[in-house]
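Participant: Residue numbers (the numbering used here), protein chains in the order written: chain A, 1380 to 1625; chain B, 462 to 691.
Among the clues, some could well be false.
[Stated by the list, open to error] Below, a list of computed lysine-lysine pairs in the BS3-like style, where the Cα atoms sit at most 30 angstroms apart:
| hint | chain 1 | residue 1 | chain 2 | residue 2 |
| --- | --- | --- | --- | --- |
| 1 | A | K1458 | B | K579 |
| 2 | A | K1547 | B | K579 |
| 3 | A | K1603 | A | K1547 |
| 4 | A | K1386 | A | K1547 |
| 5 | A | K1386 | B | K488 |
| 6 | A | K1386 | A | K1423 |
| 7 | A | K1458 | A | K1553 |
| 8 | B | K488 | B | K579 |
| 9 | B | K488 | A | K1547 |
| 10 | A | K1537 | A | K1430 |
| 11 | A | K1553 | B | K596 |
| 12 | A | K1423 | B | K596 |
| 13 | A | K1458 | B | K596 |
| 14 | A | K1537 | B | K488 |
| 15 | A | K1603 | A | K1553 |
| 16 | A | K1391 | B | K488 |
| 17 | A | K1383 | A | K1430 |
| 18 | B | K596 | A | K1603 |
| 19 | A | K1386 | B | K579 |
| 20 | A | K1386 | A | K1537 |
| 21 | A | K1383 | B | K579 |
| 22 | A | K1430 | B | K596 |
| 23 | B | K579 | A | K1555 |
| 24 | A | K1423 | A | K1458 |
| 25 | A | K1423 | A | K1391 |
| 26 | A | K1575 | A | K1547 |
The set of hints was computed from the structure by calculation and includes no laboratory data. This structure is a prediction, so every number in the text was calculated from the model and none was measured.
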Amino acid sequence: MTAKITKTDLLKVSARLMLIQSAWTMQSMQSEGFVFCLMPVLRKLFPDNSKLRRVINHFHLPINTHPFLVSILAGSILKMESEGQSQRLIISYLRTAMTALAALGDSYFHAVLAFSSMVAVLATLIFGAVAGLVTLLVMYNAVHFLIRFAGIFIGFRKGDATISALGKWIDSGKTKLLRTLTGIAGGFVISMIFTKMAQDILSLFWIVPIATGLVLVAFVLNLKRSLWAYVLPSFLLLVLISEVLI
Amino acid sequence: MVQALSIFAAVFVVGAMLLLERRCLGKPAVVQPLVLCLIAGLLQGESTTGLWLGISLQLLSMGQSHYCNWVLAAITAGGSVAILGAYDILLVPGAPAAVALLLVSILVGIVFDFIDRKLSFSRGNSVIAGADIWKSESGEEFSRLIYRMVFRGFLFGGMQSMLGVGLASALGYAMTVLTSVQPHLFVQQIVALLVPLFGVSVTLGSLSGRVFPFYAFIGVAVSAGVGGIL
C-alpha cells in the first residue's frame, strides 16, 4: 500500500485505456477492459497475489462509461485504491461516477464537439480540402487527447471529488448553450455553402423551399431516428436503377 | 493478378488497423469518414469525389452513430475510390459509379454493424465467460484476453474491409460500364446536392430536444438575410 504511483505509471494506464472496449460484451460491458487498464498500477499497489485478486473483484460488475472520459474515472479509482478506502465506498463511487461521466460525455462529445468541428470544417473548406481535413483532425482530437491524457492526472489528484470538480467545467447548461450556438452557426454556414453550390443549377427561388424542406425532414428524423437507414439506401438504389434503365 | 492481390492485401491490413480504433476505443476519434475519403480522393487526384463521399458519410455518421459501422463505410468508400482511381476509372459526384460506392458503403456498414452486435451478444460473451478470468491469481489473464480480442478484431476487421471494398469496387465498375453512354448531367448535379443535404437533415434531426433544429433554421434565416443584403 506504500508504493508510490509515478507519472509514468499513470501514463501506462492512460495508454492502455485505448483498448478499453476491446472485450466489450452485453454482460460485463467494459469491466474486463477496465481491469486490464488499471493493472500496471494495481500490481504495484498490491504485490501480493491474494490481495490483488480481492481488489480486482471490486470491478466484477457491469462497467459502462464514456470511453474518452474513462481516464478521469480510472484516475480517481486508483487514488481511492492507493488510499486504502473501503470496497463499499469504491464500488458506490464507481457506480455513480460512471453514469455521470457517460451522460456528460455523450452530450458533450457527440452533440457539441463533433457537430461544432463539422461546422468549422465546412467553414474552412473555402480554403481547400486539406484545410478542412486538418481542422477536423485538430479540433476534435485536441480536446479528445487532452481529456484522455490529462484526465487520469485530474482524477488521481482529486480522487472522489473529481465529479463535482468536473461539473464546474462541463455542465448541462454550458453544453446546451454551446449546442444552441452551434445549431445557429451550422444553419448559417450550411445554407451559405448550399446557396453557393446550388446557384449554378437552380434559381434562387428554389433555395428557400429547399432549406425549409431540409429542416422539415430534420423534424421527421427527430421523431423517428432510424428512418434514414431505409430512406437513403432506397433513394440511392432508385437513382441507380433509373440511371441504368433510362 | 499480382497487382489485384497486393491491393486486397493492403486493404486487409489498412482496413483492419483502422477498424481497430472503433472496435477498441468505441468512439472514432482519428478515423473519421471525411478524413479517410478525402485522403483517398487526394491520393488519386479526385479530391472533389473524396470530399463529396466524405462529407455525406461524415454528416450521416454525426447524426446517427447507431445502426451503422461508419468507419467500415468510410473504409469501403475510401478504398474503392483508391482502387477505381488506380484503374483510371473516373468518379464524378452524383454519377452512378459514385452513387454505387456510397450505397454499398452504407449497406456494408449497416449489415456488419448488425452482425457485430449479434456476435458480441453470442460469441463475445461466450469467449469471455469461457476465459473465466475473474478467478485469476495474477491478473495476467486479463492481458491475454484483451490481446486475443484485439487480434480477433484485427482479423475480422480485415475481412470486413476486403469484402466491402471488393463489393463497392465491383458495383462502381459495373455502373461505369453500364451508364457511360449518355450521362444525365442535371440528374447527377441534383443527386450530388441532395445526398449531403439529407446528411445535414439527419444531423439536425439527431440533436436532442426538438427545439434545436429551430436554432439551425434561425441560422438559415440569418444567412438568407446576409445573402439578400450582399
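Participant: Taking the hints in turn, state whether each one holds.
Facilitator: To see whether the hints hold, each was checked on the structure:
About 37 angstroms separates the Cα atoms of K1458 of chain A and K579 of chain B, which puts this hinted pair outside 30 angstroms; it is violated. Under the criterion of a C-alpha separation no larger than 30 angstroms, the hint pairing K1547 of chain A with K579 of chain B is inconsistent with the structure, at around 39 angstroms. Distance check on the hinted pair: K1603 of chain A and K1547 of chain A sit about 34 angstroms apart at the alpha-carbon level, beyond 30 angstroms; violated. For the given pair, K1386 of chain A sits about 25 angstroms from K1547 of chain A by alpha-carbon distance, which is consistent with the 30 angstroms threshold.
Proposed proximity of K1386 of chain A and K488 of chain B is supported: the alpha carbons are some 26 angstroms apart, at most 30 angstroms. The hinted pair formed by K1386 of chain A and K1423 of chain A meets the criterion: a straight-line CA distance of about 13 angstroms does not exceed 30 angstroms. A threshold of 30 angstroms between alpha carbons decides the hint, and for K1458 of chain A with K1553 of chain A the separation of about 29 angstroms falls inside it, so the pair holds. Restraint check: the Cα-Cα separation between K488 of chain B and K579 of chain B comes to about 19 angstroms, which is no more than 30 angstroms; the hinted pair holds.
At most 30 angstroms may separate the alpha-carbon atoms for a hinted pair to count; K488 of chain B and K1547 of chain A meet this at roughly 24 angstroms. Note on K1537 of chain A and K1430 of chain A: the hinted pairing holds, with a Cα-Cα distance of about 25 angstroms set against a maximum of 30 angstroms. Restraint check: the Cα-Cα separation between K1553 of chain A and K596 of chain B comes to about 44 angstroms, which exceeds 30 angstroms; the hinted pair is violated. Simply put, K1423 of chain A and K596 of chain B have alpha-carbon atoms about 19 angstroms apart, close enough for the 30 angstroms limit, and the pair holds.
With a CA separation close to 24 angstroms, the supplied pair K1458 of chain A and K596 of chain B stays within the 30 angstroms bound. Annotation: proposed proximity of K1537 of chain A to K488 of chain B holds, straight-line Cα distance about 26 angstroms (limit 30 angstroms). Taken as a hint, the K1603 of chain A and K1553 of chain A pair is honoured in the structure, with Cα atoms around 27 angstroms apart against an allowance of 30 angstroms. For the hint linking K1391 of chain A to K488 of chain B, the alpha-carbon distance of about 20 angstroms falls within 30 angstroms, and the restraint holds.
Proximity of K1383 of chain A to K1430 of chain A is assessed by CA-CA distance (about 17 angstroms); at most 30 angstroms being required, the pair is judged to hold. Taking the CA atoms of K596 of chain B and K1603 of chain A, the gap is near 45 angstroms; set against the 30 angstroms cutoff, the hint is violated. For the hint pairing K1386 of chain A with K579 of chain B, the CA-to-CA distance comes to about 40 angstroms; that exceeds 30 angstroms, so the pair is violated. Our distance criterion of 30 angstroms between C-alpha atoms is met by K1386 of chain A and K1537 of chain A, whose separation comes to about 15 angstroms.
Between the alpha carbons of K1383 of chain A and K579 of chain B the distance comes to roughly 44 angstroms, so the proposed pair goes past 30 angstroms and is violated. Taking the CA atoms of K1430 of chain A and K596 of chain B, the gap is about 13 angstroms. The hint holds against a cut of 30 angstroms. Straight-line distance between C-alpha atoms of K579 of chain B and K1555 of chain A comes to about 35 angstroms, which puts the hinted pair past the 30 angstroms bound. Distance restraint check for K1423 of chain A and K1458 of chain A: the Cα-Cα separation of roughly 13 angstroms lies within the 30 angstroms cut-off, and the hinted pair is therefore satisfied.
This hinted pair checks out: K1423 of chain A and K1391 of chain A have alpha carbons roughly 12 angstroms apart, not beyond 30 angstroms. Of the pairs offered as hints, the one joining K1575 of chain A and K1547 of chain A is violated, with about 41 angstroms between alpha carbons and a cut-off of 30 angstroms exceeded.
Consistency with the previously given hints fails for numbers 1, 2, 3, 11, 18, 19, 21, 23 and 26, ordered from lowest to highest.
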